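Quick one: dock chain against chain with the hints and give me the complex.
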Amino acid sequence: RKEVEQDPGPFNVPEGATVAFNCTYSNSASQSFFWYRQDCRKEPKLLMSVYSSGNEDGRFTAQLNRASQYISLLIRDSKLSDSATYLCVVNTPSGAGSYQLTFGKGTKLSVIP
Amino acid sequence: DTAVSQTPKYLVTQMGNDKSIKCEQNLGHDTMYWYKQDSKKFLKIMFSYNNKELIINETVPNRFSPKSPDKAHLNLHINSLELGDSAVYFCASSRSRDFQETQYFGPGTRLLVL
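Read top to bottom, the protein sequences are chains A and B.
The numbering of the first sequence is this note's numbering, which starts it at 3 and goes up by one.
The numbering of the second sequence is this note's numbering, which starts it at 194 and goes up by one.
Chain B extracted, bound-state conformation (with noise of 0.2 Å):
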């Protein structure tokens, strides 16, 4: 059974359209976390939700909208896609928000502005 998964795996799009990413897991975990890999392969947090709750914000566009239905699910939603949007987007989840937690990694969402 995937752990982590997200869905689309690749996602090829036009600027401007808006466009949605969802993950899922199955672990129970509470915390979960959405990362972005850019072109050179530098992994950054983007957000981070505890329990349906928003605990990181990083600085990234307000373009972009995280939303947690509850404490499986943190999808992203992207509004007026731009070229330097392109990117690999990983979900993550841990245990619980504690440092010494590990975290889990879904296959990424190839994203493609076009």
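Next up, chain A with everything else stripped away, as it sits in the complex (with noise of 0.2 Å):
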């Protein structure tokens, strides 16, 4: 099993569309979790972090399900803006109080006029 994985897509979807992507984690001694955006031929940015509780930044929406390792990602009012590929990242231990990051291989948003 891969220590994270993602449906791969694409999702197209028109413009003003919800859209959700999920993840799994393999590792449940992950710690942290995170959604990354990347544009194409551009390096990865935070997109948010993803708490227990569920967070929310405007239009997206983060929820964490640890006994399922399971986490989602919801975009609201889908804009062109949005379409990027989405990364899932988990946050895991790797010894001696050092942590990595482990990258899922990612979910590509198209938003279509």
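If you are wondering where the hints come from, they were derived from the structure by calculation, not from laboratory data.
Don't take every hint at face value.
Simulated pairs of lysine-lysine, DSS-like, Cα-Cα distance not exceeding 25 Å [what the hints assert, rightly or not]: (1) B:Lys215 / B:Lys260; (2) B:Lys212 / B:Lys245; (3) A:Lys107 / B:Lys245; (4) B:Lys233 / A:Lys4; (5) B:Lys234 / A:Lys47.
Beyond 12 Å from chain B on every Cβ pair, some chain A residues (computed) [to be verified]: (6) Phe62; (7) Ala69; (8) Ser85.
These numbers come from a predicted model, not from an experiment.
Quick reminder that beta carbons are idealized off the backbone N, C-alpha and C, glycines included.
Structure representation (structure tokens):
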């Protein structure tokens, strides 16, 4: 089983649609969780952290279910500018007090006019 | 001002050559990283340094040697380049090695080995 699994998509949605991405992780010792966004030929950038109680940032809502080792991202009222690849990222202990980010392969979103 | 910068942005070279990629961050962060993103877009950690000390060294060939002259710089030297080394290499930094810290990525270096 891959450490972080995501549906690769692509998700092609019309403007204004609501779209949800799912992610599962295999290491139960994982401590923190993030969604990063990567535009074509650009570097990944943090979109939002994911907290156990769930959290919202404008049109974006992230949820975490530690028992099921499952993370989700919901985007409401999609904009053209939301078109990107969304990376599910999990921070896992790597020993000696260090942690490392493990990235999913990403889910590609295309928002269509 | 660029927070995490890498040079060069593009690197095209022949198999067998030795090349270096430089990374600098002006965020005052303690921890820096090198990642490799291959043709399948899979982003994977290679190395991490905290205050110039190597803390993560994933299973990469020993042809790859990171060097951190100070905590604002983390360079990557690659010996005897192979076709499979072609990828985008991202440098990143974070305030500390704490698990909650956000990592900030550089723009990437696109390496093509011919």
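Taking the hints in turn, this is what the structure says about them:
1. B:Lys215 / B:Lys260: 10 Å, holds
2. B:Lys212 / B:Lys245: Holds, at about 21 Å.
3. A:Lys107 / B:Lys245: Cα-Cα ~30 Å, so violated.
4. B:Lys233 / A:Lys4: At roughly 15 Å apart (the allowed maximum being 25 Å), Lys4 of chain A and Lys233 of chain B satisfy the hint.
5. B:Lys234 / A:Lys47: With Cα atoms ~15 Å apart, Lys234 of chain B and Lys47 of chain A stay inside 25 Å; holds.
6. Phe62: 16 Å, holds
7. Ala69: Since the minimum Cβ distance to chain B is about 20 Å, Ala69 of chain A lies beyond 12 Å and the statement holds.
8. Ser85: 15 Å, holds
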